[in-house]
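Visitor: Per this note's numbering, the sequence shown starts with residue 637, numbered consecutively.
Keep in mind that the hints are not guaranteed to be accurate.
To be verified - Using 20 Å as the maximum straight-line C-alpha spacing, the simulated SDA-like pairs for lysine to any residue come out as follows:
1) 697 - 723
2) 697 - 683
3) 792 - 830
4) 865 - 813
5) 871 - 860
6) 844 - 773
7) 731 - 769
8) 697 - 685
9) 731 - 743
10) 844 - 728
11) 914 - 895
12) 792 - 810
13) 844 - 738
14) 844 - 806
15) 849 - 864
16) 722 - 778
17) 914 - 931
18) 701 - 717
19) 844 - 860
20) 805 - 826
21) 792 - 765
22) 849 - 760
23) 723 - 782
24) 865 - 855
25) 844 - 758
26) 722 - 711
27) 667 - 678
Quick caveat, the hints were computed from the structure, so don't treat them as lab data.
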Amino acid sequence: MPDNYDFDPREERSNTDWDRLKSKFKRFGDKTGWIVIGLVVVIYLLQGIYQVGPAEVGLVKRFGKHVRTVNSGLNYHVPPPIESVKKVNVRAVRKIEIGYETVSPPPNPRYREDEAEALMLTGDDNIVHMELAVQFTVIDPELFAFNIIDPHSLVKEAAEAVIRQEVVKHEVEQALTTERAEIASNALDDLQRLLEMYEAGINIEAIKVQDAKPPEPVVPAFDDVTSAKEDKQTKINQAEAYANDVIPNARGQAAEIVNQAEATKAERVNEAEGDVSKFLQVLEEYNRGSQEVTRRRLYMETMEEILPGMDKVLLTQKTDGSSVLKLLNLNELDGGSQ
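Construct the entire structure; sequences and hints are all you get.
Guide: Take a look at the structure:
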């Protein structure tokens, strides 16, 4: 064998395999072989047919690079390994749980607390136990699928960070009672801005405070403080209710007294003005020369005013010219009149 001849066993094995394949084709005939090849090709091409659900979009990748996005329905792509498709549900509302974990879903839900996630520091150096649910949807499926590795972990870690930053701005009592909704609202805005900066293709739908309470070891002390504050507020409310009842009554009585005084004043002024007017009329008549008539008129008017309320005795002169009664028994006239 010449020295310049290089023997390759692989080439000999390849030629042997090819010869064996050709012999099989010859055994079945050339036509049958082409049918088999055609069936293999058809089966391969059929692997590119796929269905995209009503709530989904399909992201078609060619050699790992995103080339197009398709909507719901029956679609086709070149079979793997050339092209592949990644389906993303863009209508589902996904949920992240912070501080707790759902063990079994409804209708008989069971939950397990996660103290490591739930304990948060407040602005007055206290600790609260908060459990929250973060709901989000996909608004950009391409960013959601290709720009972040683990969307759920990203949302959870980012949500924990912004919620802790928000809780530390409030005192413990506020975080547990009056400002829970404000904490959730501000955290939602901060989380949305953070995810937009990450280009995650995610929209935060809601952050809900499922539970907020003091840590388990200090619950009795916290309940005592809360009870004392409630008693204080109850007494304040009772005092305010009493004041709201007494003050309007006092104001009403004062207004009634003032109104009565005003009415009495007006009555007396009118009466005085009437007396003055009457006196001036009499004076005018008197000055015109009817002094005797005026005096008699004044006498009669005065008698009309004073006699109705007095006991009276009438002395009459007999027609036979005799004088007035010689004897008048006053004891018999006590309380009566003749």
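Visitor: Next, verify each hint and record whether it holds.
Guide: Each hint tested on the structure:
no.: 1; hint: 697 - 723; result: holds (11 Å)
no.: 2; hint: 697 - 683; result: holds (15 Å)
no.: 3; hint: 792 - 830; result: holds (12 Å)
no.: 4; hint: 865 - 813; result: holds (13 Å)
no.: 5; hint: 871 - 860; result: holds (17 Å)
no.: 6; hint: 844 - 773; result: holds (15 Å)
no.: 7; hint: 731 - 769; result: holds (7 Å)
no.: 8; hint: 697 - 685; result: holds (14 Å)
no.: 9; hint: 731 - 743; result: holds (17 Å)
no.: 10; hint: 844 - 728; result: holds (18 Å)
no.: 11; hint: 914 - 895; result: violated (28 Å)
no.: 12; hint: 792 - 810; result: violated (24 Å)
no.: 13; hint: 844 - 738; result: holds (15 Å)
no.: 14; hint: 844 - 806; result: holds (17 Å)
no.: 15; hint: 849 - 864; result: holds (17 Å)
no.: 16; hint: 722 - 778; result: holds (10 Å)
no.: 17; hint: 914 - 931; result: holds (14 Å)
no.: 18; hint: 701 - 717; result: holds (12 Å)
no.: 19; hint: 844 - 860; result: violated (28 Å)
no.: 20; hint: 805 - 826; result: holds (14 Å)
no.: 21; hint: 792 - 765; result: holds (17 Å)
no.: 22; hint: 849 - 760; result: holds (16 Å)
no.: 23; hint: 723 - 782; result: holds (12 Å)
no.: 24; hint: 865 - 855; result: holds (15 Å)
no.: 25; hint: 844 - 758; result: holds (18 Å)
no.: 26; hint: 722 - 711; result: holds (13 Å)
no.: 27; hint: 667 - 678; result: holds (17 Å)
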